[in-house]
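Asker: Going down the list, the sequences are from chains A and B. Its first residue numbered 1, the first sequence is counted upward by one per residue in the UniProt record's numbering. Its first residue numbered 1, the second sequence is counted upward by one per residue in the UniProt record's numbering.
Rather than coming from a laboratory, the hints here were simulated on the basis of the structure. Wrong hints could be hidden among the right ones.
Derived lysine-lysine pairs resembling DSS-like cross-links, with alpha carbons at most 25 Å apart [as the list claims (entries may be wrong)]:
#1 K43/A <-> K257/B
#2 K257/B <-> K269/B
#3 K231/A <-> K43/B
#4 K43/A <-> K269/B
#5 K257/B <-> K108/A
#6 K108/B <-> K257/A
Protein chains: 2
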Amino acid sequence: MQKTTSSISNNISFTRGVPALEALPTTLFSECLQAVLAGPDGKTVLQYGHNGGYVPLKQLLAEQYHVDVDQVLIGNGSLHLQDMLTAQLVQTGDVVFTEQPSYDRAIKTFRRRGAKVIGIPLALDGVDITALEEALARYTPRFMYIVPDFQNPAGVTTSREKRQALAQLAEKHGFYLVEDVPYRTLRYSGKTLPLLRELNPERTITVSSYSKLISPGIRVGYLIGPRDIVKPLIALAEDTTLAPVLPTQAAVLEFHKRGYFERNLESLKQLYAPRLQAMISAIKTYLPGIDFAEPEGGFFVSITLPQESNYQHLLQRAKEQGLLLTDGNGFFADHLNAQANQAHTGDRFVRLPFCALTPQEIEAGMQRLAELVRA
Amino acid sequence: MQKTTSSISNNISFTRGVPALEALPTTLFSECLQAVLAGPDGKTVLQYGHNGGYVPLKQLLAEQYHVDVDQVLIGNGSLHLQDMLTAQLVQTGDVVFTEQPSYDRAIKTFRRRGAKVIGIPLALDGVDITALEEALARYTPRFMYIVPDFQNPAGVTTSREKRQALAQLAEKHGFYLVEDVPYRTLRYSGKTLPLLRELNPERTITVSSYSKLISPGIRVGYLIGPRDIVKPLIALAEDTTLAPVLPTQAAVLEFHKRGYFERNLESLKQLYAPRLQAMISAIKTYLPGIDFAEPEGGFFVSITLPQESNYQHLLQRAKEQGLLLTDGNGFFADHLNAQANQAHTGDRFVRLPFCALTPQEIEAGMQRLAELVRA
């Protein structure tokens with residue numbers, strides 16, 4: 001056995017997927033803000049802006065995604081863009097599909113805007129296509145929300161074959177794919193797979209953000225989609241928030257221009273890759289025999305505890321032992337199905353964000369968790 | 001007659017109420033951002049934030065408004081706060097009162113969230129209290145939206161007596177007063193009147209922003225209200241946008257701490273006061289005999305053209321003459337009432353924002369307008 005948990009007296013938090021504090025580029029970002037405000041666009045970024053974001057950053061994103069600039073909307077973080085997109089696409093009672101489990105705040109957002117949210121079981125290589133086809137026989141969703149790379153919460157990456165199947169089903173049944181790809185460039189190993197947008201651009205709306213790649217506090221997220229979606233969405237964004245937050249958007253562009261983005265991304269990978277390895281090792285050591293997706297990037301690993309484990313009142317018991325967990329049920333859109341399907345149930349589902357913890361904290365946390373769930 | 005309009009070849013825009021470009025404090029704000037990012041909260045403001053805004057700025061606002069810090073929510077501009085407030089308070093079909101005319105984007109926001117918006121005629125000293133009482137005999141609104149100081153669009157300041165009446169009616173009939181006060185501190189002459197909040201704090205929700213006082217591009221707006229309103233609204237804000245934009249909020253606090261806020265406010269008054277005077281003089285010179293509120297501050301003067309003037313297709317004809325106007329109808333919530341009431345009708349209503357124009361441009365613009373509406 002390793003050192004006891006008492007050697008780490010602080011709480012260990014396996015709750016939110018936040019960047020490591022030490023990874024936030026205060027000096028580089030400050031330089032960029034200064035350059036923007038002293039530069040030719042200094043006045044522009046302090047004035048009211050239009051057009052769905054800081055135009056030169058929209059241009060950069062248009063180049064990166066091989067789309068036209070009028071297909072890009074930059075907003076105050078991707079969650080708010082998803083909120084407005086849902087307001088635009090969904091009438092009360094419309095159906096939205098998510099992977100099951102899926103990002104809890106996205107599920108909540110779709111519901112708040114009146115959607116009936118149906119979860120399609122997620123396997124270790126992406127959503128269960130047979131289950132999706134069965135669901136499509138009963139419902140045509142307005143859209144399906146997918147996190148194809150290093151999924152939040154499960155860490156799953158959708159396989160190439162399943163991406164192809166999703167692109168085809170969207171076409172066949174006439175629904176949109178909303179792909180949320182904030183972790184995509186944080187790949188620590190393996191090879192990048194195509195975006196859903198690359199497989200079916202007319203049916204895909206891509207949302208992403210700089211929260212995991214530069215800073216969450218700057219709230220710069222973006223959305224790329226077909227013109228007939230993006231144009232009215234820009235109008236709705238302007239009606240809702242009047243204008244974008246320009247200084248931080250312009251500083252993100254400067255961050256790219258100066259080559260800081262690549263340099264920062266490399267540092268993040270150096271910092272996070274060993275943490276992911278520590279998490280995978282700790283699961284295998286302390287909770288042997290559990291099936292889980294071993295991600296090649298991103299922020300999250302998740303496990304489903306075995307039926308026979310002691311998961312009753314786990315959150316409360318963990319908290320008393322200085323281990324903070326998120327309620328697994330929030331990631332399951334469809335509680336009833338989740339109960340019926342023995343493979344996944346929220347009570348036994350534990351998300352394990354690893355980026356903001358040292359390998360030592362990760363190991364200590366998993367040791368605590370293993371003790372708590374011992375039958 | 002003065003110089004002809006041909007001496008100014010550019011378009012003159014009487015459309016949006018934007019600050020003068022030369023008034024945007026690029027250097028001072030950049031200093032503040034640098035100080036924040038180099039300071040003890042540098043990492044904090046780049047990380048995810050909670051609690052409805054940057055806590056030290058919430059503390060400053062709580063002191064300024066004599067409330068507790070948990071009564072303050074800072075968001076990405078006041079329009080979005082009003083959008084979320086409406087989502088929280090209004091069910092589809094609920095009634096909201098506005099002054100008539102009122103801020104067009106606010107009317108649109110309330111409607112988008114399902115409200116039935118009813119405009120109460122605005123006199124030169126605030127809303128018509130008799131008309132308000134008549135409307136209250138028929139409806140109890142969820143809230144009444146009021147811009148008590150230098151109203152957008154009319155430039156009207158609500159008198160002390162009418163503020164008192166509003167506070168009492170809100171109490172008697174059980175509705176909220178949403179007072180929007182972004183221009184309040186931009187007073188160029190005369191004496192400050194009490195906030196509605198000071199007269200009835202339990203029934204008043206105050207919204208304001210730094211858009212007119214520092215910069216619109218930073219999107220820092222705030223809301224002050226009773227705890228039972230603000231607490232769930234903070235939860236809704238967190239669900240909607242996940243986290244606030246922290247660097248600009250922290251820089252606003254630094255702007256205050258360094259004494260830049262007072263200094264900047266004084267410069268704004270020096271710049272804008274002569275522009276207001278130029279607008280008032282130009283109206284009296286070129287459109288003599290029109291009744292209008294002569295504001296003592298803010299961004300707007302508005303006029304209602306006489307019945308006998310030539311106001312048909314005014315926007316289009318003005319545009320052809322290089323004069324950009326906003327459609328007056330957008331400021332009238334209730335078109336039918338507006339038609340019936342000869343005193344106010346959107347077709348004849350012209351808003352005249354003056355801050356971003358030089359006195360010369362203002363005079364030339366008003367001269368063009370007078371020529372266009374000559375019967």
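Asker: Is the hinted pair K108/B and K257/A satisfied, with a Cα-Cα distance of at most 25 Å?
Answerer: violated, 39 Å
Asker: Has the given pair, K257/B with K108/A, been kept, meaning a C-alpha gap of at most 25 Å?
Answerer: Between K257/B and K108/A the Cα gap is close to 39 Å, so the pair fails against 25 Å, i.e. violated.
Asker: Keeping to a limit of 25 Å between CA atoms, is the pair of K231/A and K43/B held or broken?
Answerer: violated, 36 Å
Asker: Is the Cα-Cα distance between K43/A and K257/B 25 Å or less?
Answerer: Roughly 23 Å separates the two Cα atoms, so the pair holds.
Asker: Check the hint pairing K257/B with K269/B against an upper bound of 25 Å on the C-alpha distance.
Answerer: holds, 20 Å
Asker: Is the Cα-Cα distance between K43/A and K269/B 25 Å or less?
Answerer: The hint holds at about 19 Å.
Hints 3, 5 and 6, counting from the list given before, are not met by this structure.
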